[in-house]
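Undergrad: Below, each chain spelled out in residue letters.
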Amino acid sequence: MSNQKKRNFQIEAFKHRVVVDPKYADKTWQILERAIHQIYNQDASGLSFEELYRNAYNMVLHKFGEKLYTGFIVTMTAHLKEKSKLIEAAQGGSFLEELNKKWNEHNKALEMIRDILMYMDRTYIESTKKTHVHPMGFSLWRDNVVHFTKIHTRLLNTLLDLVQKERTGEVIDRGLMRSVIKMFMDLGESVYQEDFEKPFLDASSEFYKVESQEFIESCDCGDYLKKAEKRLTEEIDRVAHYLDPKSEEKITSVVEKEMIANHMQRLVHMENSGLVYMLLHDKYEDLGRMYNLFRRVTNGLLTVRDVMTSHLREMGKQLVTDPEKSKDPVEFVQRLLDERDKYDKVISTAFGNDKTFQNALNSSFEHFINLNARSPEFISLFVDDKLRKGLKGFVDVDVEVILDKVMMLFRYLQEKDVFEKYYKQHLAKRLLSGKTVSDDAERSLIVKLKTECGYQFTSKLEGMFTDMKTSEDTMRGFYGSHPELSEGPTLIVQVLTTGSWPTQPAVPCNLPAEVSVLCEKFRSYYLGTHTGRRLTWQTNMGTADIKALFGKGQKHELNVSTFQMCVLMLFNNADRLSYKEIEQATEIPASDLKRCLQSLACVKGKNVIKKEPMSKDIGEEDSFYVNEKFTSKFYKVKIGTVVAQKETEPEKQETRQRVEEDRKPQIEAAIVRIMKSRKILDHNNIIAEVTKQLQPRFLANPTEIKKRIESLIERDFLERDSTDRKLYRYLA
Amino acid sequence: MRRSSSKKKSAESVATDLFRSASSKASTKEMDRIDQLFNQYANRSSNLIDPEGIEKLCSNLDVSHTDIRILMLAWKMKAEKQGYFTNEEWRRGLKALRADTLNKLKKALPELEKEVRRPTNFADFYAYAFNYCLTEEKQKSIDIETICQLLEIVMGSTFRAQVDYFVEYLKIQNDYKVINMDQWMGLYRFCNEISFPDMGNYNPELAWPLILDNFVEWIAEKQA
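The listed protein sequences correspond, in order, to chains A and B. Residue numbers for the first sequence follow UniProt numbering, beginning at 1 and rising by one. Residue numbers for the second sequence follow UniProt numbering, beginning at 1 and rising by one.
Keep in mind that the hints are not guaranteed to be accurate.
Claimed, not checked - Derived lysine-lysine pairs resembling DSS-like cross-links, with alpha carbons at most 27 angstroms apart: (1) A:K706 - B:K140; (2) A:K706 - B:K222; (3) A:K676 - B:K222; (4) A:K435 - A:K652; (5) A:K726 - B:K56; (6) B:K140 - A:K707.
These are computed hints drawn from the structure, not numbers from a lab.
With the hints as extra help, turn the sequences into a complete structure.
TA: Structure follows, in structure tokens:
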């Protein structure tokens, strides 16, 4: 063709139709077909890739794509059918190997064929939207081999059989398994799931159902859990080695369900090996295992927690209501602390510090501590014991640890105001007898209480400390201004502010002359500097140190209570005294006097006085004289009775009554506060709000609240609404 | 020079004047009679009808002096002090009843009772009865014995069963030595609202006075 003029290059198409020789297509196809055969027969070495590619290319170009495609499918199908017969013929163990071998061969062949047919893949198949060569190769394999009836079931059963063998401890060819399972995965997710995974999961479910039943009949809880854990690990391992990673979650669910979820209750409640046993015997490892396993199933941890809670409550209830255990308050509280430490350790070691378990522990303790109405008293006695002697020699850090533990128990108390009352009494005794181990420790505890309960709770307690300090200063001032008194008996006075200290009625008592003179001097000194105040001597709370000389020359210093001093001083002027004489001279009330005489005359090792008759109790006809033969290893002998003790029944009643009385104004104050801000409120809401407001101090009784409301109505603080009887109004 | 100013009066106003003067004359006459009646029972020196006088009045009216109608009369009079009627109170009451003779008074009593028993008035009367019994200044509560008597008088005829039970309870319980107005009114509500003796619709968690909660509990225990 000559190009006239300078024009853009154009290649013109043929002007006539180029008809390809029809036989051309057949011939080309035959070449390709033969090639495919050779590839399948492992005889591809002599083939020219370039030639075959060109042939395929030409076929497609000349519009024979369909023929090529169809031919390819037919040929491959025929081969696969042959292969499946061979596979099926394989016996026993070699079945799987044959299958695997043929699969690998097929894959290799498929790749080669795909390469050869690439042009068709990219053009003809694209435009006709037919299945591409490679996926088609897989589908054909699937249809003709895997789903071939004689292979299908046998394949599945062989695989499941091998899994079963492995589960029972035999070693299997994992590599082979992996290849075959990978085949399923390659054939498509639905093939994997339908033809393998689902039956696998079903069979596993059956297997574990049976095994778990066997185990649960024969093993104890700890062993069972070990076995379950082992199986779980195995299955995860199995997936890692030859299954689709997506199967991990599914198979672990199966194991969890069959081995754990289905037997949860039975395991936890197993006698002599279940949860309670483990808790009692500190079986941390088993508990940890149980936690980890049960965590995997729905309500697993809930079950564990519930059983632990009811066990704790039961144990706690027994602990606090056992009269034996309540004999010694310090023991009682120590036991509570020990139990709490124990369970704390369980939760942190075995339960991974799980917050829900912490909460369950706290609520259980709160529940049973309050079952014993004396808990507040006992906790205060425990603290008293520690602050008197228990903390002696402890380092600061350790002191804090103990006090924090005590605070923890304190938080559980519902009747915090009862604790406050006892704490005040015990603190008073400690301060006045000078028997506290560490001032710092005392103050530290007050700070903790203040942080917990607010300023009002501790203001009076702090007042007590201030009084002690002030008294020291006062004493210095007194002796400073009366230097002539330094020769006689030494007087130490603590001036107590009435509001801060626990109130005790003043008890009459005739002080010996030497002492009362001093007391009067102090009184006038004090009132000289503090006008407008009133001083009352609390003779029932004082102590005295007396030097005594006995018959054989024994000298001792006796530490006694004020009452005891009064009695003893009488014997400076008389050898023998009757009970009545002593009573008359000292004017001490009978019950106190009897107790005082008892500790002077009837306690072995401390009987500085002798009594006739030698009975244990003090009778009003008894007579007393000095025990000239008194001996003691120590120079200083302590006979005082000022230690804080567990209250007697009548004392307890009295304290309880005082607490109840104190609560009344608190309830009323709360009611007035609430009504003042709300103006109108209905009955149920008042009860709820008042209870909530008072909760940090004590649990308010609805009946008591009602009584207080009625009292306030009577005193015109509130009124009932005239139309709606459920409402109360605030009267300004 | 005009000596007298003639006030021109209409016939109507003349008639009204006449009527007024006549009625005022009549009312003055009525008041006189009322006063006369008062003087028959009043104590000369104190110018009050005292308990003795009241007793005499009762016997003349043919009514027991613990009869509720005397209390109703006191209510009508708005009498302040129990056992005494002042002149003013007497006038107030009898004028309202339109009774200026003993007979008329006697006849007025049934009407009075009907009036008081109307629900709107009875609550007021009931509260009045309580206040009437407060004898000391600043007294706010009434002792149990008097309450029992008062209950009998005021509610005995209408709420027989409740009164009997409550009186029995009041006598044996120890929580309260006196009853205040709030509790008194609570009892009235109780009789009116709560079915007796089953008390199925009583809810102790509502704002009923505590004494009634205890009363209900006591009955429940008795019935068990």
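Undergrad: Does each hint hold? Answer for all of them.
TA: Each hint tested on the structure:
no., hint, verdict
1, A:K706 - B:K140, "holds (19 angstroms)"
2, A:K706 - B:K222, "holds (24 angstroms)"
3, A:K676 - B:K222, "violated (41 angstroms)"
4, A:K435 - A:K652, "holds (24 angstroms)"
5, A:K726 - B:K56, "violated (46 angstroms)"
6, B:K140 - A:K707, "holds (17 angstroms)"
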